[in-house]
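S.K.: Sequence:
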Amino acid sequence: MSNKRLPDNVHLLKGTHRKGRHGDPEKKPTVVQTISETPPLWLTKEAKTEWRRIIKVMLNSNVLTNADTSTLSQYCTLFGELQKQKEDFPAAKHTQLRLCAVELGLTPSARSKIVIPNGSEQEDDF
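Start counting the sequence shown at 36; every next residue gets the next number (this note's numbering).
Keep in mind the hints are simulated off the structure, nothing from the lab.
Cβ atoms here follow ideal geometry from the backbone N, Cα and C, with glycine treated the same way.
Treat the hints with care, since some could be wrong.
For each label pair, taking beta carbons as the anchor points, the in silico distance ranges come out as [said to hold, decoys possible]:
| no. | residue 1 | residue 2 | range |
| --- | --- | --- | --- |
| 1 | Phe124 | Arg87 | 31 to 39 Å |
| 2 | Ala127 | Glu81 | 13 to 21 Å |
| 3 | Asn38 | Ser105 | 20 to 28 Å |
Straight-line distance between alpha carbons at most 27 Å, and here's what the computed BS3-like set of lysine-lysine pairs gives [as the list claims (entries may be wrong)]:
| no. | residue 1 | residue 2 |
| --- | --- | --- |
| 4 | Lys128 | Lys39 |
| 5 | Lys91 | Lys119 |
| 6 | Lys91 | Lys54 |
| 7 | Lys39 | Lys54 |
| 8 | Lys39 | Lys148 |
| 9 | Lys148 | Lys80 |
| 10 | Lys49 | Lys80 |
| 11 | Lys83 | Lys121 |
| 12 | Lys80 | Lys91 |
| 13 | Lys128 | Lys54 |
| 14 | Lys49 | Lys39 |
| 15 | Lys39 | Lys80 |
| 16 | Lys121 | Lys148 |
| 17 | Lys54 | Lys83 |
| 18 | Lys49 | Lys83 |
| 19 | Lys148 | Lys54 |
| 20 | Lys49 | Lys148 |
| 21 | Lys80 | Lys54 |
| 22 | Lys148 | Lys91 |
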């Protein structure tokens, strides 16, 4: 089974972007609206707290967009439920929470696959 297709900005961050395979990023539309810092109104208090924590950490990486709102909402909702019912949280919901965390790049292994370049590195001509 092949790997999941990564977005172009993730390939650029990891340094694995190839014009021949992924296309020229300068010719692709770059109108990407970053995810809102304010949590959806329907989230619980605990879920909103987690939303703000995640957004604060992830906003500078420009990896999360408005398309990720539902996944982040699901993660925050499950996290809020876990906070409320630590003892009675079903294993299936633990699995869903973990999968959402992986999709969002919130686990150490998922995060290690994304390299965010710092501005001090100079581009190599070769």
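S.K.: Need the list of violated hint numbers for this structure, in ascending order.
M.R.: 1, 6, 9, 10, 13, 15, 16, 17, 18 and 21
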